[in-house]
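Residue numbers for the sequence shown follow the working numbering, so the first one is 1382 and each next one is one higher.
None of these hints come from the bench; they were simulated from the model.
A hint or two may mislead.
[To be verified] With a straight-line Cα cutoff of 20 Å, these simulated SDA-like cross-link-like pairs (lysine to any residue) come out:
hint, residue 1, residue 2
1, 1468, 1438
2, 1420, 1453
3, 1399, 1457
4, 1582, 1530
5, 1399, 1487
6, 1482, 1461
7, 1420, 1450
8, 1602, 1512
9, 1602, 1513
10, 1399, 1482
11, 1482, 1470
12, 1420, 1391
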Amino acid sequence: MRILVVEDNPRIAAFLQKGLREEGYVVEVAGDGDAAFEKATTQGFDAAVVDVMIPGRSGVQLVRDLRDREIRLPVLLLTARDRTEDKVAGLDAGADDYLTKPFEFSELTARLRALLRRLGSPGAAATLKAGDLEMDPATRDVRRGGQAVELTPREYALLEYLLRNSGRPLSRAAIMEHVWGIRFDPGTNIVDVCINSLRTKLDDRERALIQTVRGVGYAVKPAAESSPEVPAEAAAEPTAEPDAEPAQ
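Please construct the entire structure, taking both the sequences and the accompanying hints into account.
Have a look at this one:
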């Protein structure tokens, strides 16, 4: 899932970006309210974490402007102000939750998960499916043949990216960029290691979902269409979704 972090303090922004990526989210950062408004109105995000005191339009004004555009992006406001009137102003502007600094990162992620469960993602399907595999982005539950599958945050992010591009072969470079948030290094096999881990947890010999695409990378196909490989010429541009990052 894609999260927009709006924070002008580079240290705090880096902290939030790193922590959320480790939780399996794809994270994009905006350093001011105007840049955040541009991103939120032109790109697809599942939620936003917004500092109130940012350059340009404030966090509260940003939320108000998004709601005026009928953009229902779930928003968690962050602020050092703990006065009741400040919280009321943010919530009245259209924010969905409010967290006062300083805070424990575990509380931020818990509130974010609660927002997504309660409000859902404005840009994502309720359930992602491939054959008998189902993923619920709101609850982060994964099931294969009705059985729950436990995944690490990185494995979840990789599987979500594959499912959102079901049937489209994805290169290792695209996977590395969207799931890990870094450029592909030909000298690393981190993508292959994570794919193998997913296969161990998800696949069996009769029901392989994750396919190797010779000369390209990997793809998810419905179980009924599973085959050892997907033709490379079937490759297409992946959608810019999870919008995510590494197997822990």
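Hint check:
1. 1468 x 1438: holds (17 Å)
2. 1420 x 1453: Between residue 1420 and residue 1453 the Cα gap is close to 14 Å, so the pair holds against 20 Å.
3. 1399 x 1457: holds (18 Å)
4. 1582 x 1530: holds (7 Å)
5. 1399 x 1487: holds (13 Å)
6. 1482 x 1461: holds (5 Å)
7. 1420 x 1450: Roughly 13 Å between the alpha carbons, so the hint for residue 1420 and residue 1450 holds.
8. 1602 x 1512: Status holds; Cα separation ~8 Å.
9. 1602 x 1513: holds (11 Å)
10. 1399 x 1482: It holds: about 18 Å lies between the C-alpha atoms, which stays within 20 Å.
11. 1482 x 1470: Between residue 1482 and residue 1470 the Cα gap is close to 17 Å, so the pair holds against 20 Å.
12. 1420 x 1391: holds (18 Å)
Figure legend: structure checked against the earlier numbered hints; every hint is met.
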